[in-house]
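Letter by letter, the sequence shown follows residues 1 to 826 of the UniProt record's numbering.
Please keep in mind that the hints were generated in silico from the structure rather than gathered at the bench. Only a predicted model underlies this, so the values are computations on that prediction, with no experimental measurement involved. Honestly, I wouldn't trust all of these hints.
[Claimed, not checked] For lysine-lysine, the following DSSO-like pairs were computed, each having C-alpha atoms within a straight-line distance of at most 27 Å: (1) Lys164 <-> Lys478; (2) Lys579 <-> Lys705; (3) Lys104 <-> Lys478; (4) Lys365 <-> Lys301; (5) Lys314 <-> Lys371; (6) Lys314 <-> Lys187.
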Amino acid sequence: MGPSQARRTVAVSEYDPQVLQAKWQQRWEAQDTYRASEDADDPRERRYMLDMFPYPSGDLHMGHGEVFAIGDVVARYWMQQGYNVLHPIGWDSFGLPAENAAIKRNAHPAEWTYANIETQANSFRRYGISFDWSRRLHTSDPDYYRWNQWLFNRFFERGLAYRKGGLVNWCPNDQTVLANEQVVAGKCERCGADVIRRELTQWYFRITDYAQRLLDDMAQLGEWPERLLTMQRNWIGRSEGADVLFEVEGRDEPVHVYTTRPDTLFGATFFVVAVDAALADEIVTDEQRAEFESYRAEVAKLSDIERLATDKEKTGVFLGRHAINPVNGERIPVWAADYVLSDYGHGAIMAVPAHDQRDLDFALKFGLPVKVVVHTGLADPGETGEATPGEGTLVNSGPLDGLTKTEAIAKIIEILEVDGRGAGAVNFRLRDWLLSRQRFWGTPIPIIHCADCGEVPVPDDQLPVTLPDMRGEALAPKGVSPLASAEEWVNVECPKCSGPAKRDTDTMDTFVDSSWYFLRYCSPGYTDGPFDVEQVRKWGPIDQYVGGIEHAVLHLLYSRFFTKVLHDMGMVDFTEPFKRMLNQGQVINGGKAMSKSLGNGVDLGQQIDDFGVDAVRLTMIFAGPPEDDIDWADVSPASSQKFLARVLRVMSEVDSAPDVSFEGGDVALRKVTHHTIDEVTKLVESQRFNVAVARMMELTSAARKAIDSGPGAGDPAVREAAQALAVMLSLVAPYTAEEGWERLGRTGSVAFGGWPVADPALLVQESVTCVVQVAGKVRDRLEVSPDITEDELRALALASEKVASYLEGMPRKVIVRAPKLVNIVP
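Please put together the full structure from these sequences, using the hints given.
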């Protein structure tokens, strides 16, 4: 080793990640290293890598550390493969946390929001993510939410945005309504408060018009996790059945009832209306009204989850009316009950207690008839208290007797349609997206209410409708939007008649902001529309999206809906926004989710201070498959730091002359290098990033061994291994890889060093080691051809002298797994 080589080794004897971070972060920023090319003549194929929008609630946490490290592996791999990669960053910056902080601090929400954004932006830069910072956006900027309003107006023109009154989910803590998707187990998904039902007039997006397309187009999503698709299918909840018309005494129009089991119509012995449905209030008799209204008030205190609980005692009240069963003319009593919801079907059901457990529980509680119409071979439900909802043969059902369920459904639908008493129908669990919010820090809904003209959209040339300057206590929730108190802002002229009018005082759900942000990234400074259609055509749809499973029926469903509407408007030429989806796990500690109350939180910034960015990122990736949880108590960033020091030392000891022919190098090490390249390539493609890191570690050990006890640091094969390591390692440890690349004498960023290609000739295995066991113990090892047959390997194993010494006569059984294992049972 020459003097210069010795000096280089001493220089890296102390691995200082903070020095490397300061050096390379400054250089990346100065060179705008990761900016996507907008050159129309750039011949490279484009790839779009998207990370789920961060919310600026504080500095980056461990969850951010994991998800952005995973996304960066993909983006950097594509860069190495020679693609023109778009990897943007922005902030989903409207929302309640900022508003609550402003109330507490007597400030404007923007102050808290933008301060946190800058904190996170600085942390992202430190974390070394390959973002194109020129595309940065914030949804709370007027030049972004202007286009929320523009899109709202287009939805309004198409009948997809509408306002109606009805019962909604209300969070008493946040003092705002919630979409069905934002209620989890009867609680607000954001703050955990028990959700109640409240009568309000609200704005909706008609997502139900796209329910079938949202299901059908899942055929395009073969690279999404199956559990995510299952969650969406279940939420959309398509079912087939029939709409049946029931005459109700005292009402001119028949009542529609949707049922998935029209074959059981002959077994309907009573009729149930949701207690909070308008129909119940309409048909209840004067004699029953007082009891009904008292019952309705009690049910209003319950969440939908509580109402639908199977173990809840059934309650209800007779409405004093009867309905007519359309297939047999029987009069059946009409009840109001809590176990039917007003937004299911038409808010009323036919009750078939013999074959539905909830109906049976209700019938037994109130002494209502139970009539078996499907013979299943089980005992009478009226006697056992156990309903029989399964398959069987129809009985007590007139023209349906003797038919199977499938046959009976087809037959009864035919009869209903001929008689004009019903028809086959499809129903969806999905309900229209309630997007109004009674809070300040969001996009104002661009509608003006005029006594003469009705609902009038704000003209496009008057957008954006910006928020007034309100702060502190003025923002405190009062059950109505704080904007209602901003009289100068509220009172305006009608755009149509110039008469006195008022602005709508609700703001939009922040999921509107994130339903199309990925399109804005393609042209963030565009002023002639929400995005440049041509740029979206060049970049979209997104090739890889990385984010949490918790948004399976929120953000992802809404984004798919928006994309389909924009496709119908001719603004995008694809119907699904995200080709490939990767859901990361959680970072936990000691087997539990991190929380202040448990005292098990881990601070990302402190981990970076202690071990360096690359060690933290490497630990995140190496801990397990991306979709698995990472228990920080079980991993070791200190060990990752030691490995990085080792690999940088290998790169530093290699001859810095870049123009070297590798063909004259040590063949054994070259084979290890090329096998590693081949395996890591396949592992990254299949998103088994943790195993890819393990292979890099093995190559580092092989290179170290070659330097210390093999051909030495000057051998071309060692340099080949070091260069391959620098490029592959750049996916997970960019600072260390960048430094090593420079010490290898290479110019330009390692991010564009070019992914190494395995030489097929060096992948050929001349021999493999076969283990031979006798009675489960290893008795010999044989070097054999990788292509050896089972018969050849069996004969070779039995001919072994070492094996023969443990056998007396012919063995009872020989199990051969060519070419690596023979197991002999004596």
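Results of checking the hints against the structure:
| no. | hint | in the structure |
| --- | --- | --- |
| 1 | Lys164 <-> Lys478 | holds, 21 Å |
| 2 | Lys579 <-> Lys705 | violated, 43 Å |
| 3 | Lys104 <-> Lys478 | holds, 15 Å |
| 4 | Lys365 <-> Lys301 | holds, 22 Å |
| 5 | Lys314 <-> Lys371 | holds, 19 Å |
| 6 | Lys314 <-> Lys187 | holds, 22 Å |
Checked against the numbered hints above, the structure violates only hint 2.
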